[in-house]
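Going line by line, the protein sequences match chains A and B. Position one of the first sequence corresponds to residue 0 (numbering that gives the first Met the number 0), numbered consecutively onward. Position one of the second sequence corresponds to residue 0 (numbering that gives the first Met the number 0), numbered consecutively onward.
Where hints are given, some of them may not hold.
[As the list claims (entries may be wrong)] Derived DEER-like restraints, expressed as beta-carbon distance ranges: (1) 639/B x 52/A: 36 to 42 Å; (2) 31/A x 609/B: 51 to 57 Å; (3) 52/A x 609/B: 34 to 40 Å; (4) 96/A x 152/B: 41 to 47 Å; (5) 31/A x 750/B: 37 to 43 Å; (6) 96/A x 21/B: 41 to 47 Å; (7) 765/B x 96/A: 18 to 24 Å; (8) 594/B x 52/A: 44 to 50 Å; (9) 569/B x 31/A: 46 to 52 Å; (10) 581/B x 96/A: 31 to 37 Å; (11) 621/B x 31/A: 32 to 38 Å; (12) 61/B x 31/A: 26 to 32 Å.
[Claimed, not checked] Partner residues aside, some chain B positions facing chain A, computed with beta carbon under 8 Å: (13) 591; (14) 592; (15) 594; (16) 672; (17) 690; (18) 694; (19) 715; (20) 754; (21) 758; (22) 789; (23) 790.
For the record, the hints were derived by calculation from the structure and aren't laboratory data. Glycine is no exception: its CB is placed at the ideal position from the N, C-alpha and C atoms.
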Amino acid sequence: MEIVMCFVIGFLFMAAVYLMLSKSLLRIIIGTGLLSHGAHLLILTMGGLEGSAPPVVSHGVTDYADPLPQALILTAIVISFGVTAFFLVLAYRAYQELGTDNMNLMRGTEDHD
Amino acid sequence: MSFVYFIFIPMLAALVIPFLYKKVRGIHTGWFVLAVPVILFSLYTTFLSKVKNGESFTSSFEWIPSLNISVTSYIDGLSLLFSLLITGIGSLVVLYSIFYLDKTREQLHNFYVYLLLFMTAMLGVVQSDHMISLYFFWELTSISSFLLIGYWYKRDRSRFGALKSMMITVFGGLMMLGGFVLLSIMGDTYSIRELIASAPELGNHEWFVWSLILILLGAFTKSAQFPFYIWLPDAMEAPTPVSAYLHSATMVKAGLYLVARFTPIFASSEWWIWLVTGIGLLTLFWGSFFALKQTDLKGILAFSTVSQLGLIMSLLGAGAISFHTGIEEDSIFKYAAFAAIFHLVNHATFKGSLFMIAGIVDHETGTRDIRKLGGLMSMMPISFTIALIGSFSMAGLPPFNGFLSKEMFLTGMLSIQDFNLFAFDTWGILFPIIAWIASVFTFIYSFYFVFRTFTGKHKPDLLPKQAHEAPIGMLISPAILGSLVVAIFFIPNVIGDVLVKPAVVAIQPYLYDVPEDIHIHIKAWHGPNIELWMTIGIVLLGYLLYATLSKWQPLYNKFPQGFTLNRLYDTMMFLSEVGTNRLTRFYMTGFIRSYLVYMFTGIVLLTISTVFIKEAFDISFATLAPIRFYELIIALVLIAGTLTILLAKSRLTSIIALGAVGYSVALFFVIFNAPDLALTQLVIETVSVALFLLAFYHLPKLNRHENRMKFRLGNALVAIGVGVTVTIVALSAHSQKLVPSISSYYEKTVYKEAGGGNIVNVILVDYRGFDTLFEIAVLAIASLGIIALIQLRLTKKKEVNRIEDK
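The following block holds chain B by itself, in its conformation from the complex (with noise of 0.2 Å):
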């Protein structure tokens, strides 16, 4: 079964979608895209009964053979998880937008186009064992993140959304790729699956650690970790179930993929599991605490996602420490990835439906503003309770999922103090510590989130809509959501055996085989050791801060403004703009001048320093001709034509002057034996004086004033430098001929050959007859160009019309 062209159906079915929206006008567009998620997720469920045994199934199309590169579709634990996220969800967003975008007012067509490229691009990226498909799949997904961001483009907030995500996400997809290809140098292969395997031979090799931090920096700024998260509160700008699909459920979570996918190559390196534990918990306490300061439901639950995708991130750099400690102890780290893949799933489920009801918040009240809403809990009862499961999951309390992988994430955080490697026993006691603060606050933006919108005084006046309940179709995709948040806690093992066990397997190949090497089972109950004293002081500290969030919460407001990422984020933008185009305007003056300066110079300066390093000046006195009075008497006239130009005060000074110096040349040429030289150089001197004069004689009258010109220092500076350049030059040349003219056979077979005795003239003809051609190309061009400048004169037309049109 070639299966890799699985990942190919949502972008073929994006072709259909235009016509089916232009012909079929009465029914939602949305119905006929349901079916595309729905079928894929029943394609990738036929995999779970294997893949629960261990087994791994690839297959792949060749893209470009010669150079090696695939699309290979590696279906394992790890990326059929993934395939049935992202199937899965997007059945569920897809049903959900058919109730939330109105048919009649809404772009569907784009919208659909854009969601089933997206939908391609993540089956990619989690599918791929190539790496450069991968890195195509993975720019997709930036690119219909874009046009999704961007979807409602009159506003200038979602644009700015949009381009800002844009920039984050390319940046790091970019450093992604130079990640990708130092380690397939390194390798000597593309495909994953094959640099897995040789692993332990990568961890010497010098770009190792550089490769690392590259596709580190690309998971980070996917996947929203500090200081990166920032474009996410931005990118809520998009419709409510582009955030429920790309920015809770699948795109932010390639970046864990990513880290998940590589652990087994960069486990060994003690810089991964640092990076990844201490970003991640930095992260998870970061979006915790400025959860609540915002007042946008949208944003708090952007700012909840960056913390529990820090939270992931942290477990699975702890996942990685289990490389260092062994199978045989019983360490917790074996479990520290199954507790970030259940958690994942477990955010999954909570987030999407947190985000479809902040959608139907909007959708029925007309705002999202948290400070407007409230007392909605009597208007919207379905919609209260999915928000309460959601939001008490998040917040990890029972009996919800949330509980079972806060548990986890305590247990794997407590434990890292007693890994005794890379200096964590001195510092780990900061993880427990910073994860428990970050709980706290993850448990009071939690009820922040759900209380202040469905409880407290209803103000009916500040609402743009009269409040009611969402219709039921609206509701489905969330309540399927919330029942499955329920049904995990209750039944987690079986999530646990058909889906975690298998990804971890994919996470940690030097531990496990199989899946049921790996003996953990999930137990809501695991007696009165110190993570539930800990939960149980999260929440008493919590509901304390909760109830007193009025107290305290205006201090959010006095972080000073000039400190944030966004600042830095606009900072950066605003000079990369302004100081570029400073720098432009700088050196691109507009003058000719500056211009023929920069030249100039460069030319002085490269030949100079080209003939000192390769000490190539020369004077040779071998093959001189000898010096003749007439010679001099020319050169001096020539000298002083010269100089009568650069002193003379009037232009018409000038010009005769040139034409001395012209006449001079041609005196040389005929010194110098070339008679047909000096005779066309007579012929065009006096041509050519004639053409100035005339140029002159039409001069305006109002710039007719005479001056001399005056004497500019750099000017003369330059000038010189390049009058000795052209010397010294000319000097070495000259002076280190290294093989005879060919003129020789020209003098011997001019008559012979040719028929001719002016050698010149034959050659001119006769032996380069092309140059003569071209030339006479050259001289048909001018005078048609001197016609044409003469005789046309577009503007002054323009101008009568202009006139004609008043």
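One chain only, chain A, in its complex shape (with noise of 0.2 Å):
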């Protein structure tokens, strides 16, 4: 399984870098949204996808999914929140003061050079 999550993970990249080249700043913000989900995958792939039962302590259970990547996993899920929602907060400022959400055209003023 874990071969298959590889190449699903190298698309979800694919994909992801795919839309951060793109002009609009919407389509920018989904393809980080895409890079974070492919990175979660990745980490959960690369503990071993093995284990039969959840990490919560039970009787006669010894094998445990990997408990160590899933705390990972919830803190990079928790931190790549906090940012997209504020780089979406960003991208509505930017919209109604700028008018615009081509990226193309904000290239910042001449004086700025």
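Since each chain sits alone in its own frame, please combine them into the complex, following the hints.
See below:
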């Protein structure tokens, strides 16, 4: 299964990068969302997918899923959510102030060269 | 006596000068400054008698002992000669500047602080035995010279000249530092004396020639040798006392000092002999040839300085030949170094006085343009006399000191063809010929300088001021230098014995131990030999050409402007400024996309090549989880969602599809036994999608036309590259696990130690609680940032203010 997951993650990264290279600010943020999904799945996959029980102590179970990558991913999810929320509001404010979401038009002014 | 501290006396005095300038307005600040070089001069004269007997003195203080760096003052014949020149001419220049610079109109405190700083730097250069402190003082001369050239900083030409000299001399200084470092690695010491002692071993080292060339670059740039002389004519924008002091008598001789000081180390190399002699001779010819093109008095003197420095340089190179001929042979090369030092002293006297006269002419007539001047002889008789003495000495005529050194120079150049090493016997014949032609030009420009200024027709209507003789105070310094010019001709051997011979011992320690070993006696009349006939030829041809000057001088203007070295320098500066600007504009496009492409391409290339070079790619099927039906379905849903985002026409579709991807990730978490993750992922994906929809809703009206993302091949290639890279890295990393997970520890101890059953939650708040603390901080900062973004509207307020102002 891990090999399949590696290809799925690669595909997510590819789509994320393609979106980040586009002109629209919203698409770029969608791209970062896909990128974080890819990264989270990558952490999980690299920890191994063999475990047969969730990491909650119960009698008679020895084969738990690895809890450490899960803790790391949980932290990463929250942080990426905070950053994404901030970016989105930033994009919303940029729409309000600049009246465009086209990255090609956001180049600063000539004075700032 | 710790005379190393003498070096810093001018610098300390410079600290007091601004206060004196502000508090004592009645007296010209220069009078206070004058005490410094005069006291130092008298202090250094006390060394004379002992140095004459071959003694040398060392005094030092530790600067950075752990790195073995100290400021060491080493006084032998060479450094004493230079110290006396610096302080002696320094005194005269300060005296001259008191009358030259007006105390009410000029920023005198700036001037004298820079000048005193320069004096410290120069004394440090000539006395330092430690190469790092030598370099330190060397750069200090560059900086203080930069400040002095740009003294009238409101003029464009001053700033241009200051920048140009700074660029060129600092370039050379840095090269020299490289040479010093190489030399110190080879000899395992920073002390020049110790390097000289181990000179024979250094010659075989592979870096020897490199350090030689780098150090020569430093010397050539500082001493305005070909092709680095171009900064010197532009440095003439400095006040005339500065030109007289820095750009004729002292700083430009720092390069000569460096060559003389390092001759014992490098003389064994033919590179040294060829470069020093050849470049010196080329500079001599070039400078004297182009001096005639100048119409500015100081321009003529600048080119003449370049030319004379070349003369001294070529003599120092010829002096290095003595290393190969030995003491037994009665060769003239033993005397070439003597001639070099002797001419160095002579040049300092007559060129200093000539600069001061040029300054006087400028001061009293308001112009330095030789085409507007003429017929000043009757109005300025004393200045004319001094100028005549200086020019005749420069031209090499008796009864002035320039004649003596010119004869020795010709002797030295004539004898080079006798030297039968390093192909000198074939090419050597060129040396006296070039030297002779250069001497003819020297003769012409000396006459041109003095007679075009002081004789001929007076043109009062062209002059900004009514011409008259300078005040007596301004004439004291050039008069002293002028009388020295004559005095040295009549009693040359006093200077020779006291100053020159000890210096020659320092340059040629492999020939002489004490100054008495040098059996040389300067004679004004040395019989009807070939040098005398050459001098007569110089005078005859020179006079003939001077008389017909107006016929052929216009030919200089035919010289194509596009091929000058100044044009080359300007082009290099232009290319470095505009070229790098264009280069930066080429890749710094301002589009985020370009930078992302650079970064992603860099990541892909670096990672893929590393994997390829290290042969790290591997797929192992050993510890794989089984592939189950549901997992495949979810993977397909995820890929379908992603494809929908890529292909969606409307933004709404892509946001919904992103939500689908997020939920399938949550389903993955369910299937892979991660309940907490699944819970969090579901909640957060919901909130994120809501936020996306909010942003979507507020899109500006004009841009709402929806369109499909255009396919762009370049973007697609980069994206595929990143995807493939991540897949390869993930596969290889998973297939080559080296150590087992540490999670078994958590599983065993979670209930016993932490009292909890949910291992993930216990890790988050107990084992690794710090992560959680700062993740909370991240969320807090993000929410505060969002509030600030929404509530603070600074630009709007500014607009309101602007309207109110109107």
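Looking back at the hints listed earlier, which ones does the structure fail to meet?
Violated hints: 1, 2, 6, 7, 12, 15, 20 and 23; rest satisfied.
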